[in-house]
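The lines below spell out each chain.
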Amino acid sequence: MALHPDRLFPIEASARAIARRLHESVAGLPILSPHGHTDPRWYAEDAPFPDPATLFVKPDHYVTRMLYSQGVRLEELGIPARDGTPVETDGRKIWRLFASHWYLFRGTPSRLWLEDSLERCFGITERLAPGNADRLYDTIAEALGKPEFRPRALFERFNIEAISTTDSAIDELKSHQQILASGWKGRVLPAYRPDVVVDPERVGFHDGVRTLLAMTGQLATWQGYLSAHRERRAFFKSLGATSTDHGHASASTADIGTAAAEALFARVLAGPAVPEDAELFRAQMLTEMARMSLDDGLVMQIHPGSYRNHNAPLFQRFGTDIGADIPVGMDYVRALKPLLDAVGNEPGMTVILFTLDETVFSRELAPLAGHYPALKLGPPWWFLDSPEGMRRARELAVETAGFYNTVGFNDDTRAYLSIPARHDTARRVDCSYLARLVADHRLDEDEAYEVAADLAYNLAKKAYKL
Amino acid sequence: MALHPDRLFPIEASARAIARRLHESVAGLPILSPHGHTDPRWYAEDAPFPDPATLFVKPDHYVTRMLYSQGVRLEELGIPARDGTPVETDGRKIWRLFASHWYLFRGTPSRLWLEDSLERCFGITERLAPGNADRLYDTIAEALGKPEFRPRALFERFNIEAISTTDSAIDELKSHQQILASGWKGRVLPAYRPDVVVDPERVGFHDGVRTLLAMTGQLATWQGYLSAHRERRAFFKSLGATSTDHGHASASTADIGTAAAEALFARVLAGPAVPEDAELFRAQMLTEMARMSLDDGLVMQIHPGSYRNHNAPLFQRFGTDIGADIPVGMDYVRALKPLLDAVGNEPGMTVILFTLDETVFSRELAPLAGHYPALKLGPPWWFLDSPEGMRRARELAVETAGFYNTVGFNDDTRAYLSIPARHDTARRVDCSYLARLVADHRLDEDEAYEVAADLAYNLAKKAYKL
Amino acid sequence: MALHPDRLFPIEASARAIARRLHESVAGLPILSPHGHTDPRWYAEDAPFPDPATLFVKPDHYVTRMLYSQGVRLEELGIPARDGTPVETDGRKIWRLFASHWYLFRGTPSRLWLEDSLERCFGITERLAPGNADRLYDTIAEALGKPEFRPRALFERFNIEAISTTDSAIDELKSHQQILASGWKGRVLPAYRPDVVVDPERVGFHDGVRTLLAMTGQLATWQGYLSAHRERRAFFKSLGATSTDHGHASASTADIGTAAAEALFARVLAGPAVPEDAELFRAQMLTEMARMSLDDGLVMQIHPGSYRNHNAPLFQRFGTDIGADIPVGMDYVRALKPLLDAVGNEPGMTVILFTLDETVFSRELAPLAGHYPALKLGPPWWFLDSPEGMRRARELAVETAGFYNTVGFNDDTRAYLSIPARHDTARRVDCSYLARLVADHRLDEDEAYEVAADLAYNLAKKAYKL
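Here the protein sequences come in this chain order: A, B and C. Residues are numbered in the numbering used here as their position in the first sequence, beginning at 1, plus a constant of 15. Residues are numbered in the numbering used here as their position in the second sequence, beginning at 1, plus a constant of 15. Residues are numbered in the numbering used here as their position in the third sequence, beginning at 1, plus a constant of 15.
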């Protein structure tokens with residue numbers, strides 16, 4: 016194994032040649048990572064990454080869910096249960112377990128990302144296998160100790176122009192302040208993610224709201240609560256934030272008027288919210304956040320439609336984010352109408368929509384984004400962030416929404432070393448899509464170069480105001 | 016730019032060669048346009064078309080919605096708001112605005128249709144751009160003044176064998192009468208579209224029903240109302256109509272019996288209908304229309320599933336048909352059952368189903384059309400009338416419904432000059448699909464020629480009784 | 016016509032060459048048919064098959080539905096109505112009718128299966144047509160009289176290693192006992208299908224439950240009823256069964272506790288169940304069956320989501336299974352949660368999920384199967400068991416679930432002679448999918464050989480414990 020220069024390109028020779036030319040023109044563009052989940056402390060502290068298992072296996076829910084689905088217990092992967100079941104702490108053993116199950120990832124994007132990361136970062140060109148697991152572990156572990164593998168050095172080596180983290184509304188953003196104070200030139204921006212103080216069904220909602228109000232000195236009223244959000248958004252913005260992000264169970268929005276909202280806020284604050292109130296409160300808050308975006312210019316991202324913590328027994332033992340979040344079918348058309356009636360026609364507004372239900376690309380999202388000035392389509396998300404998923408998303412959306420109602424790529428990852436691989440995958444898939452349009456004469460090649468650069472760089476820069 | 020003879024064909028050389036041969040065999044077939052929205056006055060009056068902007072930009076909702084989505088105001092495109100906001104009236108300025116945004120249409124069917132129209136009709140082989148906008152405007156404007164660019168001349172040049180318009184049930188069909196009286200041989204047929212007198216939630220419903228009853232001298236009873244429909248259908252038929260068309264919010268049908276229907280009619284006629292009554296009335300009327308079709312032989316078309324006028328503020332200012340109709344998810348299986356129980360097994364009956372939700376092609380529509388003698392699948396509609404949309408529709412439906420439960424192509428357009436481009440696009444995509452079946456040995460080439468001609472011409476002729 | 020050795024392979028030459036190599040490596044593997052509907056009496060009695068029409072036309076609902084959709088009456092195909100309408104009994108006439116409509120099957124898998132069967136079994140290399148219908152009828156009829164065309168001889172010729180039938184929970188499995196007693200080495204296994212005693216809305220439910228209890232000497236209580244199931248499952252297992260199968264209207268599962276289940280059982284047993292009770296009982300029984308599988312090791316298959324007997328008038332005249340079962344949209348995520356909370360984390364458990372709604376592959380089933388140890392994805396089912404359907408299923412599911420959370424192919428057929436054709440079609444489509452991954456460098460060719468063999472043979476063997 017070694018990364019083939021033509022990987023992911025069309026198979027037919029003439030289209031492949033076009034894709035190769037297009038890719039060559041964008042492969043060197045800087046990375047804009049306007050939405051993701053890397054840890055700001057990495058950039059603030061610039062400490063070495065720990066062992067290979069902690070880097071590549073334990074925190075990657077794509078990896079752990081696949082292993083778990085095939086009978087590997089989470090404890091064997093170093094993920095601690097709340098009940099005190101013994102957990103594997105030897106990175107090397109976890110890595111060996113990973114290597115012995117590597118065949119499971121055939122045909123998955125995890126395979127592509129890992130192999131690209133291993134070769135790009137560590138010069139490893141062998142296929143991971145039980146026979147070489149120890150040797151590769153040593154190679155990686157040794158490299159991680161070197162200065163050029165520290166977060167900031169990698170940032171520069173990866174040619175990252177700007178990266179956004181995702182941060183709780185009540186986070187003090189100490190790491191971001193530390194980065195700014197350090198004089199390091201790497202651009203690491205926070206993003207305002209208020210779910211914990213917006214979703215009454217989240218564990219920690221009431222504490223979160225209390226903290227939010229305390230941080231801002233606001234009263235526990237609807238107006239005080241909204242002011243607190245405005246204040247925190249301004250604080251995030253002062254540290255470079257250009258966007259907010261909202262991970263809701265559905266895409267429901269509402270616009271129920273001040274009096275009803277005041278009463279609703281009082282109810283959800285008073286105690287455990289009934290499900291209808293919780294849904295309505297989240298829905299109302301999306302519209303409120305949109306109105307605030309209209310004022311403060313923060314770009315709004317909505318990531319809806321994941322049934323979180325679907326596996327109840329596992330959630331009890333291990334908590335959240337263990338691979339048991341499952342997409343559900345969506346209806347954006349009715350759900351978004353209240354928000355769109357409020358701000359959809361504002362040309363200065365940007366709401367970026369994501370979906371885990373790809374059936375809505377052609378049916379709902381492309382028609383919506385191809386009409387409303389405020390709407391843009393986010394890139395294929397999570398399970399759809401894959402070569403086939405990205406290809407389908409283009410095929411489903413471009414004919415109705417065009418390229419210019421989309422916003423380029425998000426890597427959306429906490430797997431730092433995979434960032435170049437993910438962006439390169441997206442660039443390859445997009446260049447392949449464009450190459451097919453050129454090869455069957457739907458697009459001229461000179462235009463394809465422009466679009467390729469827009470998809471790889473310019474659209475993200477513009478949409479996210481980077 | 017110049018239209019490439021191999022556009023839209025498979026990229027691989029052997030499949031492309033097959034597609035080319037197939038397309039060559041159907042490219043010259045006459046156009047049957049059994050469903051569309053051209054204005055019958057064009058053929059009746061045979062007046063010159065106005066300026067290029069009025070021809071290509073203002074009335075094309077595919078075009079105006081894309082420009083609007085990118086911040087162009089509708090007034091700038093010459094679309095008047097009800098509030099008297101000044102509106103652009105200079106066609107040249109609108110055309111320049113269009114030209115400066117032409118890049119937005121990369122990858123969209125609008126791009127293909129316009130470029131084909133410009134080259135086919137006006138010999139224009141340059142890509143539209145700010146730099147040539149004025150010159151191309153002049154070229155088109157000059158041509159439009161010539162006799163060979165009048166509607167009837169174009170009809171003949173386009174090799175249209177028959178075209179159907181879509182006409183309100185209470186339209187007097189004066190233009191159709193005028194065409195017939197004129198001695199011109201062009202075949203322009205009306206189609207019976209009763210939405211305004213069938214949908215209690217349409218603006219104008221009550222006036223419409225009053226007019227319908229007055230035109231036919233019927234009483235305001237359920238039986239009188241049904242008789243009025245029968246009479247109007249007979250009138251449409253006498254002027255050449257072979258079909259009816261029904262644009263409903265959902266595909267719901269009902270068959271509630273005479274007594275319940277009488278009471279329902281009385282309720283919807285008495286005043287503003289409650290939503291449940293409105294839905295039930297539309298549902299019942301689909302079944303009634305189906306029964307009338309069984310009697311009078313008019314082919315029934317159902318175009319359901321568009322959320323009309325989704326953008327409330329824009330609807331208030333500009334009215335309907337401004338690009339804010341958005342598809343919603345569909346369930347045809349339960350919705351159509353009452354109608355199918357009533358007429359689904361009639362081999363003499365034809366109900367043509369359309370969808371904006373392509374997920375139903377493989378799940379619902381192909382299984383339904385591959386079973387019920389009365390059902391046929393319409394071609395990909397609206398946002399799905401595109402190269403990728405058409406390809407997917409074939410891939411999703413043919414394996415279950417075959418080719419012979421489909422009805423060929425509809426251009427469904429009010430953009431007269433795009434009609435040859437649209438039919439040619441469909442023929443190219445179908446020939447490409449067939450070429451792939453031949454190239455991987457699922458179909459013999461001699462059969463592919465037959466199917467290509469059936470899809471391009473024979474199926475529409477038979478299904479629509481042309 | 017003659018079967019092309021490259022049929023269904025990628026069109027592009029280099030990918031085709033890879034697919035050819037991969038296919039060559041698996042084409043000779045034995046057939047495992049772990050789910051299907053062949054009649055165990057065939058193997059028990061080893062009598063000659065009757066005439067070609069009875070073999071290829073009358074019992075094949077793919078065929079009869081297509082002919083019916085185009086106006087052929089079921090009686091003309093030899094399918095008797097309950098009302099005594101005269102029915103065609105001359106196989107030759109039915110075969111001629113079939114031949115004259117053979118063009119309808121262009122582009123369908125029925126075309127591929129029949130042509131493969133005709134050439135593979137009878138050496139027929141002509142395309143069926145009115146002109147050769149009689150001659151081909153005679154060729155087939157003559158062959159069917161020979162010993163080598165008897166069921167057991169074909170079983171061996173087809174290289175079937177094991178085949179599972181699908182059998183009612185209250186079937187005495189006489190044929191299976193007869194096969195075992197006969198000394199014949201062909202492995203024919205029963206599968207436990209309890210729908211008739213689990214679904215209160217099935218005709219025969221109450222009689223079925225009575226029979227079930229009588230066969231096992233159990234009382235008409237919830238506990239007695241469950242014990243009866245356990246006993247019957249053990250009996251099936253003693254005759255070789257390794258699986259159960261459940262054909263429910265939805266994928267709903269429930270886990271309502273013993274007291275509520277006892278009361279529910281009493282209600283559904285007392286008389287016609289209200290729809291809510293019927294749905295809840297089916298839902299609860301899926302979870303009970305899953306628990307029993309955990310105990311006795313039978314693999315559980317769920318085939319949900321078909322709207323059975325959609326065509327009411329035809330159901331009245333002809334009964335079930337006449338081509339009028341239509342898929343509906345599905346939500347597996349919420350529906351399966353109770354069952355998954357109960358057994359989803361059991362690594363020793365196998366629940367194989369099927370779908371007729373392909374939108375759930377990427378949205379729900381791949382994410383679920385890529386997480387829960389107990390879940391596996393079944394192959395594309397029924398209308399999706401087709402070249403395009405299988406390709407899409409791989410493209411939609413593999414990136415998230417991988418190959419190893421799937422279970423290989425099921426032919427799911429009662430058309431015995433088509434079994435080799437169906438398995439070969441699946442192997443060709445899978446090898447083509449793998450070839451594309453190799454050709455664009457997502458997978459190494461040595462791995463593709465392994466995966467090809469796993470998909471063709473090993474995964475079915477393991478998942479179904481064969």
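It is possible that some hints are incorrect.
Same chains, same names: a pair is fine if it fits in one copy or spans any two.
DSSO-like cross-link-like pairs, simulated, lysine-lysine; straight-line CA separation at most 30 Å [said to hold, decoys possible]:
hint	residue 1	residue 2
1	73	477
2	352	480
3	252	161
4	73	352
5	108	252
6	476	352
7	477	108
8	352	189
9	200	108
10	252	73
11	476	161
12	161	352
13	352	252
14	161	480
15	161	200
16	477	200
Simulated from the structure, these hints should not be mistaken for lab results.
Structure-based check of all given hints:
Proximity of residue 73 and residue 477 under a CA criterion of 30 Å is satisfied inter-copy only: 28 Å between copies versus 35 Å inside one chain copy. For the identical chains of this complex, residue 352 and residue 480 are intra-copy neighbours only, at 25 Å inside a copy versus 42 Å across copies, given an alpha-carbon limit of 30 Å. Within a single copy, residue 252 and residue 161 get their C-alpha atoms no closer than 34 Å, and across copies no closer than 60 Å, so neither meets the 30 Å cut-off. In this assembly of identical chains, residue 73 and residue 352 lie within 30 Å of each other by CA distance solely across copies; the values are 26 Å between and 40 Å within a copy.
For the homomeric pair residue 108 and residue 252, neither the shortest alpha-carbon distance inside one copy (44 Å) nor that between copies (40 Å) is at most 30 Å. Within a single copy, residue 476 and residue 352 get their C-alpha atoms as close as 28 Å, which meets the 30 Å cut-off; across copies the closest is 41 Å, which misses it. Proximity of residue 477 and residue 108 under a CA criterion of 30 Å is satisfied inter-copy only: 27 Å between copies versus 45 Å inside one chain copy. For a Cα distance limit of 30 Å, the shortest separation of residue 352 from residue 189 qualifies neither inside one copy, at 37 Å, nor across copies, at 40 Å.
Proximity of residue 200 to residue 108 under the C-alpha cut-off of 30 Å is found in neither arrangement, the shortest distances being 38 Å within a copy and 46 Å between copies. Proximity of residue 252 to residue 73 under the C-alpha cut-off of 30 Å is found in neither arrangement, the shortest distances being 32 Å within a copy and 41 Å between copies. Taking the shortest alpha-carbon separations for residue 476 and residue 161, neither the intra-copy value of 32 Å nor the inter-copy value of 48 Å comes in at or below 30 Å. Proximity of residue 161 and residue 352 under a CA criterion of 30 Å is satisfied in neither setting, with 53 Å inside one chain copy and 47 Å between copies.
In this homomeric assembly, residue 352 and residue 252 come within 30 Å of each other (Cα to Cα) only inside a single copy, at 28 Å, whereas the closest approach across copies is 41 Å. For a Cα distance limit of 30 Å, the shortest separation of residue 161 from residue 480 qualifies neither inside one copy, at 35 Å, nor across copies, at 50 Å. In this homomeric assembly, residue 161 and residue 200 come within 30 Å of each other (Cα to Cα) only inside a single copy, at 21 Å, whereas the closest approach across copies is 65 Å. Only within a single protomer do residue 477 and residue 200 lie at most 30 Å apart by alpha-carbon distance; the minimum there is 21 Å, versus 55 Å between protomers.
In this structure, the earlier hints numbered 3, 5, 8, 9, 10, 11, 12, 14 are contradicted, and the remaining ones agree with it.
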